[in-house]
Amino acid sequence: MATLEIKDLHVSVNTDEGPKEILKGVDLTIKAGETHAIMGPNGSGKSTLSYAIAGHPKYQVTSGTITLDGEDVLAMSVDERARAGLFLAMQYPVEVPGVSMSNFLRTAATAVRGEAPKLRTWVKEVKAAMGELDIDPAFAERSVNEGFSGGEKKRHEILQLALLQPKIAILDETDSGLDVDALRVVSEGVNRFQASGEHGVLLITHYTRILRHITPDFVHVFAAGKIVESGGKELADQLEAEGYVKYAGIQEAATTS
Amino acid sequence: MGTSLSAAPISQSRSEGGARVPEASRADWFSSYDVNAFEVPTGREEIWRFTPMKRLAGLHEGAEATGAATVEVDAPGEFTVETVARGDKRLGEAGKPADRVAAQAFSSFAEATILTAAKEQRASAPTTVKVTGPGEGKLAYGHLQIRAELYAEAVVVIDHRGSGVYADNVEFVLAEGSKLTVVSIQDWADDAVHVSAQHARIGKDAVLKHTVVTLGGDLVRVSPTAYFAERGGEVDLTGLYFADAGQHFEHRTFVDHAQPNCTSNVTYKGALQGEGAHTVWIGDVLIRVAAEGTQTYELNRNLLLTDGARADSVPNLEIETGEIAGAGHASATGRFDDEQLFYLQARGIPEDQARRLVVRGFFHELLMKITVPEVRERLEAAIEAELEAVGV
Ligand SMILES: Nc1ncnc2c1ncn2[C@@H]1O[C@H](COP(=O)(O)OP(=O)(O)O)[C@@H](O)[C@H]1O
Ligand SMILES: [Mg+2]
Chain A
1 MATLEIKDLH VSVNTDEGPK EILKGVDLTI KAGETHAIMG PNGSGKSTLS
51 YAIAGHPKYQ VTSGTITLDG EDVLAMSVDE RARAGLFLAM QYPVEVPGVS
101 MSNFLRTAAT AVRGEAPKLR TWVKEVKAAM GELDIDPAFA ERSVNEGFSG
151 GEKKRHEILQ LALLQPKIAI LDETDSGLDV DALRVVSEGV NRFQASGEHG
201 VLLITHYTRI LRHITPDFVH VFAAGKIVES GGKELADQLE AEGYVKYAGI
251 QEAATTS
Chain B
1 MGTSLSAAPI SQSRSEGGAR VPEASRADWF SSYDVNAFEV PTGREEIWRF
51 TPMKRLAGLH EGAEATGAAT VEVDAPGEFT VETVARGDKR LGEAGKPADR
101 VAAQAFSSFA EATILTAAKE QRASAPTTVK VTGPGEGKLA YGHLQIRAEL
151 YAEAVVVIDH RGSGVYADNV EFVLAEGSKL TVVSIQDWAD DAVHVSAQHA
201 RIGKDAVLKH TVVTLGGDLV RVSPTAYFAE RGGEVDLTGL YFADAGQHFE
251 HRTFVDHAQP NCTSNVTYKG ALQGEGAHTV WIGDVLIRVA AEGTQTYELN
301 RNLLLTDGAR ADSVPNLEIE TGEIAGAGHA SATGRFDDEQ LFYLQARGIP
351 EDQARRLVVR GFFHELLMKI TVPEVRERLE AAIEAELEAV GV
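Residue numbers (full-length UniProt numbering), protein chains in the order written: chain A, 1 to 257; chain B, 1 to 392.
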């Protein structure tokens with residue numbers, strides 16, 4: 001059973017004025033079969049947490065640990081983390097001009113699976129996965145994310161999730177910018193991924209609307225760089241009704257300090 | 001990279017975005033067929049200031065030929081191939097030399113090759129002109145002219161290889177309605193020095209697609225000039241170069257919009273790696289008073305793969321009429337985009353492989369423009385070999 005364990009994580013971002021601490025002690029454990037939702041106001045550090053787990057070079061872990069099945073994630077390079085079974089669906093997927101989506105997907109699948117997928121079954125697999133996400137097959141020949149709409153980018157993040165089958169998936173605001181249909185399609189993709197019970201999901205979101213499609217087992221409220229409250233899915237309903245007002249004090253205190 | 005490219009709208013292009021108007025307008029440039037009409041350059045002149053003159057093997061100061069390049073032509077039946085002596089009236093028709101080395105070549109070549117694509121015919125296969133240098137320690141001058149008659153259509157690959165020092169003029173004379181696609185490959189040995197002035201004269205509604213590919217040589221300086229002689233012409237100048245340690249590759253494009261309703265696109269991209277790798281791109285565009293309805297865009301991008309490499313990039317846009325359809329330029333030089341690498345690595349792709357994907361992607365759009373499959377495959381293999389060499 002896959003387990004991602006984050007303990008007392010402190011993370012700084014490199015800015016022009018020097019390092020700035022964003023995460024101030026995050027504790028979180030995600031096990032296979034579980035879906036965790038992290039909800040929090042803009043600027044509270046949600047993306048910083050996801051980048052730190054994925055190993056983005058701009059974010060420095062100053063203390064704390066991250067382990068995947070006991071292995072030290074922080075000692076791994078970005079690509080090693082992905083091959084170890086971590087996946088980050090990015091809030092702003094990056095455009096890579098001149099690299100076709102199909103070439104990219106195959107290269108990634110080869111790296112993660114440890115061998116090149118057999119061509120015939122691979123073509124079918126990609127076609128089926130694209131079909132399930134209502135992605136036009138023509139996208140396969142387009143450059144990675146180049147000129148894609150926000151919604152198209154997010155669908156392709158979930159396409160990668162489906163093909164790479166990581167142990168733990170972190171979805172950073174995958175719901176933002178999606179219209180009603182796209183939100184449904186993307187959510188169904190996540191639910192299919194989660195159905196086997198062999199993967200863990202960390203769903204980062206600002207709004208509750210995706211939680212009408214994906215039912216979290218745990219909800220965490222994130223403010224000022226840490227988890228300030230945890231509960232079951234009823235916590236999401238409470239946030240829906242009350243917003244983040246209750247946590248605004250924490251956020252403000254942190255930003256003025 | 002990571003720098004976003006922007007097309008400077010016409011009203012700003014004189015002062016912003018890095019384009020500048022050269023002190024002497026391109027319209028006033030001196031040109032002559034006679035080498036003695038030019039002073040020996042010192043290297044301080046605007047047009048020579050980027051070139052390491054010491055490595056020119058005397059091409060700029062009257063060096064005499066000590067050998068000859070071999071020119072082998074493989075052309076389909078729609079072409080006439082001639083070897084002509086100096087003095088053939090057609091020579092020089094596409095343009096006059098605009099610097100001393102080009103004039104030296106024009107004054108010094110022993111014989112010229114003229115290829116003529118017959119009118120109203122589409123050539124059944126690409127033509128190859130293989131130019132082999134005179135050999136190490138030898139110096140040669142050359143002249144090549146390619147003519148496309150009325151409504152002719154043809155593809156010509158000029159393939160430069162071998163060793164030695166070589167200066168030449170290459171002419172493209174496009175009659176009305178003709179379509180000429182040219183790929184000039186400079187895949188020289190490490191010792192080679194090549195200075196090539198390429199002149200195109202674009203007739204009414206004619207289309208020139210000109211691609212320069214520079215992969216090898218100690219010093220390669222190619223100056224493609226396109227002159228619109230009549231209305232309605234279209235020119236695509238494309239360049240792709242890959243410079244290694246110690247190599248100097250210089251490309252100087254000039255599009256002379258002298259007529260109304262012509263279109264030009266200049267796209268040059270280069271990758272550099274290794275100590276002392278140096279590339280220069282100068283992109284001059286002149287839109288003369290008469291050239292109403294002009295549409296032009298030029299772009300140069302350089303990817304620095306290692307420390308110690310240097311890319312100079314200078315777009316010059318001169319506009320003498322307000323009545324144009326559009327003009328813009330972009331120029332950017334940078335390292336790998338860390339965000340792109342992060343994204344690819346975050347999908348499990350190891351760093352070295354991710355870098356290769358990004359470099360291949362960088363050249364991809366230009367490679368796709370090369371319609372001769374054998375040439376495209378050869379270039380893909382060459383780029384792959386370059387990347388292999390430094391372990392990128
Ligand atoms: N690269 C960066 N440079 C400077 N500040 C950053 C950077 N990344 C994040 N921050 C700051 O860190 C805080 C948290 O940002 P982020 O993690 O993106 O929050 P969220 O995803 O919750 O909206 C914000 O105040 C943001 O301005
Ligand atoms: Mg965010």
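Check each hint, because a few of them may be wrong.
Stated by the list, open to error - Once the Cα atoms are required to be at most 25 Å apart in a straight line, the calculated SDA-like pairs of lysine to any residue come out as: (1) A:Lys127 <-> A:Ser102; (2) B:Lys369 <-> A:Gly98; (3) B:Lys269 <-> A:Lys7; (4) B:Lys369 <-> A:Glu146; (5) A:Lys7 <-> A:Glu95; (6) B:Lys269 <-> A:Gly147; (7) A:Lys58 <-> B:Lys269; (8) B:Lys209 <-> B:Val81; (9) B:Lys209 <-> A:Thr62; (10) A:Lys58 <-> B:Asp337; (11) B:Lys269 <-> A:Gly98.
As the list claims (entries may be wrong) - Which residues of chain A face chain B? A few of them, derived with a C-beta cut under 10 Å, are: (12) Glu34; (13) Tyr51; (14) Gly55; (15) Ala75; (16) Ser77; (17) Met90.
Keep in mind the hints are simulated off the structure, nothing from the lab.
Note that this is a predicted model, so its numbers are computed, not measured.
The beta carbon of each residue, even a glycine, is placed where N, CA and C say it ideally should be.
Hints and how they fare:
1. Note on A:Lys127 and A:Ser102: the hinted pairing holds, with a Cα-Cα distance of about 10 Å set against a maximum of 25 Å.
2. With a CA separation close to 13 Å, the supplied pair B:Lys369 and A:Gly98 stays within the 25 Å bound.
3. Restraint check for B:Lys269 and A:Lys7: the C-alpha separation of about 47 Å exceeds 25 Å, so the hint is violated.
4. Only pairs whose Cα atoms come within 25 Å are accepted, and B:Lys369 paired with A:Glu146 is accepted, the gap being roughly 19 Å.
5. The straight-line distance between the Cα atoms of A:Lys7 and A:Glu95 is roughly 33 Å, outside the 25 Å bound, and the hint therefore fails.
6. At roughly 21 Å between alpha-carbon atoms, B:Lys269 and A:Gly147 fall within 25 Å of each other, so this suggested pair holds.
7. At most 25 Å may separate the alpha-carbon atoms for a hinted pair to count; A:Lys58 and B:Lys269 exceed this at roughly 29 Å.
8. Between B:Lys209 and B:Val81 the CA atoms are separated by roughly 21 Å; this keeps the pair inside 25 Å, and the hint holds.
9. Taking the CA atoms of B:Lys209 and A:Thr62, the gap is about 55 Å. The hint is violated against a cut of 25 Å.
10. Distance hint between A:Lys58 and B:Asp337 is fulfilled; the C-alpha atoms sit about 13 Å from each other, no more than 25 Å.
11. For the suggested pair B:Lys269 and A:Gly98, the alpha carbons sit about 13 Å apart, so the restraint of at most 25 Å is met.
12. Interface hint at A:Glu34: violated, since its Cβ lies 22 Å from the closest Cβ of chain B, which is beyond the 10 Å cut-off.
13. For the restraint placing A:Tyr51 at the interface with chain B, the shortest Cβ-Cβ distance is roughly 9 Å, inside the 10 Å limit, so the hint holds.
14. Given the 10 Å rule on beta carbons, the hint for A:Gly55 holds: about 8 Å separates it from the nearest Cβ of chain B.
15. This hint is violated: A:Ala75 has a C-beta 15 Å from the nearest C-beta of chain B, more than the 10 Å allowed.
16. A least Cβ separation of about 7 Å between A:Ser77 and chain B falls short of the 10 Å threshold, and the interface hint therefore holds.
17. Hint status for A:Met90 relative to chain B: holds, with the closest Cβ pair at about 7 Å, below 10 Å.
Checked against the numbered hints given earlier, the structure breaks hints 3, 5, 7, 9, 12, 15 and satisfies all the rest.
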